[in-house]
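Asks: Construct all of the structure, not just a fragment, from the sequences and the given hints.
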Amino acid sequence: MTEIQRVTGMQDILPMAQRYWRHLIQTGSEVAHQFGFQPIDVPVLEYTHLFVRGVGEASDFFVNKEMYTIVEEDGVSLTLRPEFTAGIVRAYVENGMQNWVQPVKLFTVGPIFRRERPQAGRFRQHSQYNAEIMGETDPAADVEVMMLAMTLFQRLGFRGLTFQLNSTGCPACKPVYVEKLRAFMADHLQSLSPVDRERMQRNPLRILDSKEPGMEKLLANAPHIADHLCADCADHFAELRQHLDHLGQAYTINFRLVRGIDYYVKTVFEVWAEGIGAQAALCGGGRYDGVAEAIGGPSTPGVGFGAGIDRIVLTMQTWGIEPPPAPEVPILVAHFGGDTKTAALALAFRLRQAQFPTRLAFARERRSLKSQMREANKLNVRYVLILGESELAANAVVVRPLDGGAQVTVSLAEEQLEQWLRQALA
RNA sequence: GCGGGUAUAGUGUAGCGGUUAACACGUCUGGUUGUGGCCCAGAAGAUCGUGGGUUCGAUUCCCACUACUCGCCCCA
1 MTEIQRVTGM QDILPMAQRY WRHLIQTGSE VAHQFGFQPI DVPVLEYTHL FVRGVGEASD
61 FFVNKEMYTI VEEDGVSLTL RPEFTAGIVR AYVENGMQNW VQPVKLFTVG PIFRRERPQA
121 GRFRQHSQYN AEIMGETDPA ADVEVMMLAM TLFQRLGFRG LTFQLNSTGC PACKPVYVEK
181 LRAFMADHLQ SLSPVDRERM QRNPLRILDS KEPGMEKLLA NAPHIADHLC ADCADHFAEL
241 RQHLDHLGQA YTINFRLVRG IDYYVKTVFE VWAEGIGAQA ALCGGGRYDG VAEAIGGPST
301 PGVGFGAGID RIVLTMQTWG IEPPPAPEVP ILVAHFGGDT KTAALALAFR LRQAQFPTRL
361 AFARERRSLK SQMREANKLN VRYVLILGES ELAANAVVVR PLDGGAQVTV SLAEEQLEQW
421 LRQALA
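Going by my numbering, the first sequence opens with residue 1, and the numbers climb by one from there.
For the record, the hints were derived by calculation from the structure and aren't laboratory data.
Idealized CB from N, CA, C, for every residue including glycine.
Hints are supplied without guarantee of correctness; some may be wrong.
To be verified - Once the Cα atoms are required to be at most 27 Å apart in a straight line, the calculated BS3-like pairs of lysine-lysine come out as:
| # | residue 1 | residue 2 |
| --- | --- | --- |
| 1 | 217 | 180 |
| 2 | 341 | 378 |
| 3 | 370 | 341 |
| 4 | 211 | 180 |
As the list claims (entries may be wrong) - Pairwise CB distance ranges, derived in the manner of DEER restraints:
| # | residue 1 | residue 2 | range |
| --- | --- | --- | --- |
| 5 | 326 | 122 | 24 to 30 Å |
| 6 | 5 | 206 | 31 to 37 Å |
| 7 | 206 | 235 | 23 to 29 Å |
| 8 | 380 | 354 | 19 to 25 Å |
Replies: Printed below as a string of structure tokens:
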């Protein structure tokens with residue numbers, strides 16, 4: 001219990017849970033392909049400064065407390081990626097994707113690492129599905145990213161999905177708004193909780209999604225960013241909404257929806273599912289036109305989203321959304337005495353060559369057929385191929401169906417067994 | 001970083017200041033000569049999270065630590 005143990009916040013994805021994961025990843029890949037996104041993988045490890053520059057002002061906090069960083073002997077500092085965007089933007093710049101047909105549309109799946117305190121649906125290692133469009137400022141690109149997310153969740157079987165949508169402004173209008181918000185809050189200091197006063201210092205926008213009691217009423221009267229956007233941002237937001245309206249896609253303008261990091265501009269959105277609170281949003285994303293420059297590359301607009309796979313799987317499980325059943329292994333080869341084990345081994349490989357998923361019964365010593373039958377039954381095998389000495393002598397196997405059908409003897413000559421099985425399993 | 005809860009075989013639980021630490025599920029084996037599910041029998045599997053106390057004696061009471069868990073902060 002003390003020695004052999006997972007690292008805090010890490011988890012094993014056992015075979016029983018894999019069908020959720022596989023289904024999610026496969027559906028995600030299919031949908032991405034349909035939307036014209038190409039797959040990409042970026043390293044788990046990057047130079048620390050990539051993430052430090054990428055996340056901007058709040059970086060001290062993350063660097064100190066929330067990132068897994070190792071310093072190599074020569075002093076080079078590396079960090080396990082705490083997000084995908086920085087790495088993908090780095091790959092875009094480093095591989096000269098500016099010279100590809102614009103925009104470049106990419107998606108990826110993989111683990112990310114954050115040294116946070118684990119809690120329901122939050123792990124230190126968790127996997128994300130990410131999609132990004134790089135090199136395009138058109139609000140239609142935002143729409144496409146949003147609809148990719150929405151389609152994915154619909155395809156997975158979620159119901160009652162809604163967009164939560166907001167605009168967070170840009171370097172031109174966001175600071176002006178933040179000042180207005182700060183001034184408003186200063187006038188209502190006495191109704192702010194200590195936590196929110198603290199927030200006002202560090203990251204005023206975050207007050208908007210405060211969970212403190214009474215904030216709802218106060219925030220309703222606070223200045224809303226949608227009313228303080230610059231012309232460019234207002235146009236972008238208006239056009240985005242127009243497109244959504246035109247698609248008949250419902251959305252909720254949520255003025256409390258914000259992102260904690262500076263590089264987000266204009267669009268921010270989440271997908272919520274019926275009955276799930278804001279904390280369990282299925283995904284979140286937005287526009288990050290400032291990132292490429294922040295990491296030292298040429299100014300490049302980008303928009304994308306990330307969806308936490310672990311959390312989506314949890315949600316599917318609590319809702320009873322069933323992925324397709326795991327592929328089964330329909331055949332077990334049993335053997336019984338004499339040289340039959342050797343022959344069974346060969347038979348199993350022969351069947352696998354012929355594309356039949358096959359399990360082979362093992363037996364150090366002589367093992368009863370009954371025991372092997374039990375194994376087959378527990379594994380939900382459809383046919384047990386019994387290879388005893390008499391079958392071996394006759395160059396045949398007994399094919400025993402486990403669904404109650406009659407067993408038959410099939411010759412091992414030529415392709416007879418393969419043909420029989422192909423028909424039976426069709 | 002802060003706060004609440006929990007810690008007994010693989011899993012879920014019971015238990016008590018002194019017991020061979022129990023039960024269910026699961027696992028394995030067997031139930032006459034080569035055939036699953038039900039049933040029956042047996043077996044393996046726990047220094048009762050770790051370390052300190054209190055006590056004649058601690059799995060049981062107390063403390064600390066660790067881990068797990070739920071929430072807060074934060075959330076790229």
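Asks: Could you run down the list of hints and mark each one as holding or not?
Replies: Structure-based check of all given hints:
In summary, the hint linking residue 217 to residue 180 is supported, as the alpha carbons are separated by about 18 Å, within the 27 Å threshold. A hinted pair counts as satisfied when its Cα atoms are at most 27 Å apart, and residue 341 with residue 378 qualifies at roughly 21 Å. Of the pairs offered as hints, the one joining residue 370 and residue 341 holds, with about 16 Å between alpha carbons and a cut-off of 27 Å not exceeded. A hinted pair counts as satisfied when its Cα atoms are at most 27 Å apart, and residue 211 with residue 180 qualifies at roughly 21 Å.
For residue 326 paired with residue 122, a C-beta distance near 27 Å keeps the hint of 24 to 30 Å intact. Restraint check, residue 5 to residue 206: a C-beta distance of roughly 35 Å satisfies the suggested window 31 to 37 Å. Distance hint check for residue 206 and residue 235: the Cβ-Cβ separation is about 27 Å, which falls inside the suggested range of 23 to 29 Å. The hint said 19 to 25 Å for the Cβ distance between residue 380 and residue 354, and at roughly 21 Å that hint holds.
No hint from the list above goes unmet by this structure.
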